[in-house]
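> Two chains, two separate frames, one set of hints: put the complex together.
These protein sequence lines map, in sequence, to chains X and G. Residue numbers for the first sequence, in our numbering: 780 to 1099. Residue numbers for the second sequence, in our numbering: 22 to 225.
No lab work stands behind these hints: they were computed from the structure. There's no promise every hint is true.
[As the list claims (entries may be wrong)] Derived Cβ-Cβ restraints for the label pairs, each shown as a range:
#: 1; chain 1: X; residue 1: H866; chain 2: G; residue 2: Q25; range: 40 to 48 Å
#: 2; chain 1: G; residue 1: D36; chain 2: X; residue 2: G987; range: 39 to 47 Å
#: 3; chain 1: X; residue 1: R1074; chain 2: G; residue 2: Q25; range: 45 to 53 Å
[Said to hold, decoys possible] Only part of the chain G face toward chain X is listed, based on derived beta-carbon distances under 10 Å:
#: 4; residue: N182
#: 5; residue: V184
#: 6; residue: E189
#: 7; residue: Y190
#: 8; residue: A191
#: 9; residue: R196
#: 10; residue: N202
It should be emphasised that the depicted structure is a prediction, and the values quoted were computed from it without experimental measurement. We put the CB at the ideal spot given by N, CA and C, even for glycine.
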Amino acid sequence: MRRRSILGHPVLLVTLALVAVDASAQEARSWLDKMNRAVEELNYQGTFVHVLEGNAETLRIIHRREGGRTSERIESLDGAGREIIRHDNQVQCILPDRRVILLEEPKDLSPLVSALPSYSDEIEPHYALDLHAIARVANRTTQILEIKPRDAFRYGYMLWLDQETAMPLKSQLLDDQGAIVEQILFTSIDFHSQIPAQAIAATIDTTGFTTLRPPESSQLAADIPWRAGKVPGGFKLSVATQSQIAGSEYPVEHLVYSDGLATVSVFIEDPHTRSEVSEGFSKMGSTNAFSLTLRGRKVTAVGEVPRQTVRTIASSLVAE
Amino acid sequence: MTEQFNDQISAFIDDELPDEESAFLLRRFERDADARSRAARYTMIGAALRDELVGSDPEILRRRIAAALTGTAPAAQQRPAARVQWRYFRPVVGVGIAATVAVAAIVGLRAVNFARVGAPGGAATLNAPLQARTPEPPPSYVVPREVSDAPVIAPAVRLTNYVMHHSEYASRLNRLPVHSNVVGAGELLPPVETVPAKRETAGE
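With the rest of the complex left out, here is chain G (with noise of 0.2 Å):
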């Protein structure tokens, strides 16, 4: 999906789209679960950031989409309003599959089934043993990135290494931020063939 898109949907949620592409997103929505999928998750990480995860906040997207009908300014605040206003829009069938399976994804992302579990070492209730991988939806999208003054600087493959090699010997609070930074240093690696280094191929 092409980065204009990605916009789109970010316009969207924040109630930035002209009317005209509005419609033209929510038919999409109707025939794109890629689509859908990515806006749950923009909302998702929307809600985070503004705090909002607490209480049904992933309820948003869905009021986004009633009011994108209505032609309504969408009811943040006026949350049981919105779900009576909600009630209406259910025989609107394309959309209404559409909101229900992004919402669903939201909710999906956002289960929080949460065990009343102890301190390590502790007596503890968990949940039961994971048998298996979640077969949780592949989520594949790229958040929207607000545009930044701050120069960007590629780090060099050799720098990966480095910052791979030092988090080895981090405190665990600060693991988990460097792991993250690696993973998500994304585009900004030159091509790995600049590197001397001893390699091997997978699979051969």
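Pulled out of the complex, with its shape left as it was, chain X reads as follows (with noise of 0.2 Å):
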């Protein structure tokens, strides 16, 4: 009787095939969890192109980490050379076309934030994830990873990450229909050891801007009553509390919703607020804004998500 291989068998062809896709989600996973601690754990210093709408833009990033604490510095090379600098929640951005700067210092980044990309198999349902082939990108061998969504209310991203670093030398927004939203190429990236902390300081002379910060607070509350009766599969209520905003006199109540990898911000004006964001949709870069009014408040959702995403949230906000 002739023996049967075992390789023949059905069976167990589906079910190593079963775990050979296993191992390829896991081992994709995997890589956007080193990719997460690469970002923010790496001292490094580079340049990269960030393309948007047929227009390019050379910037320069300085990202330090020290005892645990994380400072950064991004400066457009070209035209009004504006400048972001951060220090761990307390974010600076310096605009010399208007001679101003803005100040930023989130008070509630409660670890519960601070864990918000949570690269998890949850985000599994609503993005594919997809190792593909070994490139080049900035003389360095990468990794290709494909997270494809699985719906219209997210985007997708194509990332080649250094193979020793996991940093994402280059990246692309995709749409669901696989059009390059936004892209982000490194030209050039050095990684030390260490960085001295004067290279995150400002290089451009501020004597003389005006600093808009968020006034002094009072006290904040804790409970926010409005809540999205309508959000995408898979995006979940991370925070919900009142902020502080630059340039505000009010406080705003703010709540966040994440599906592990995109996140939407809805903001909710003080009816005292007179608001400057314009009622529908409105843009800067990739992430796209809309704006309405409900019961006397402004509503602004804002993420780096697809149009009907963030009007979908915005649009369905109930008072609890």
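Printed below as a string of structure tokens:
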């Protein structure tokens, strides 16, 4: 009697295929985790090109990690030469073209928030992870990782992760049709064991600049009565708080929804605030926003998601 | 520098500039360091967008200048030939200096001093500590903007504040693009005087 090869057994083959798929997804998740730590925990400086809607801009980043604390400077090498300087959760945005400094210091960054980008298997009902070939970017070997959205409520990503450090040397933000929305490409990057604190200091002389900072706070309410009544699958409420935002006299109620990869913030203005945000869609680069007035409050949803997502969330806001 | 001049540089790199204007531009490269730096950076961006950074593509500008001098098409796909060709033009001192400085700027920009670095937390061999701010030439130029049919919506300062605040809650994957968007928003912002806010003035 002829013996059947073990590989000829259909159940075994299916099982092996499933194990292989699971191992691949696990490896992809592992790459995401490594990337997540790399961008935060390594010391590096680099120049990158940011491409959006046919416009290209060159920027430089210096990222410093020392004693568990993170600081970072991003500067535009084009045009007005704007800078963003971050020391942990204090963020300073210097706008030399306006002679203005915007200061942000969210006081509500709880451990829950810092754990926001959890690349767990919870994202997989909404994104398909796939490892592709090895490629060269900026003269380094990279692993290509595709994160494909399973619906039109979120963007996808194609990431070229440095094989040694997992730093994303090239990333593309893709819509649900696979079209490139935005691209970031490092043209050079250096890693260092240490970066001196002064490397993060502003390069712009801000003498005479106007600083817009959040007002000294008052008691911020912990209970926010607002919730989005309709959110795309996978988006969960991560934060509900009152925030002080630079340029605002009154606290703003702030909700954050995340699907583990993309986040949407919903800002609900105090009724006394004279808002400058116009109704309807607006955007800043690939960050979409949608504003409307609900019960006398200006509501604005902001996120690195497609337009329909910010509109769906903002429009469904209800008071509990 | 004017937008027209930016367009000229861009057209020169793409070999789309008429001969007379190319000659004018070459003369300007000789005496204008900013123009050379700008051209070098345009070349770098173009190469980056075409995924041509790997290899010796910083030579694109050098080949382009050489081609302009001889009236030949730039040998984009014939790198070794281009190098030989360039050797013959070295005696052309003025343009040579311009090209060299331009290429040096490009090479400097993409001087990838990569170290062998391990995964975070793992064993790694790193570059020496960065002792002081690298005295890189302050690159200052405006990228030529492509004409786009997409409507440009001017984001209000308020929106900038929202986006900045939101960025602190964005995933680490998305934070860099969000910050890049804010930094790159450029001249789209309306006057800040329209924003009611608590103000203070630095340096007072």
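> Check each numbered hint against the structure and report the violated ones by number, ascending.
none
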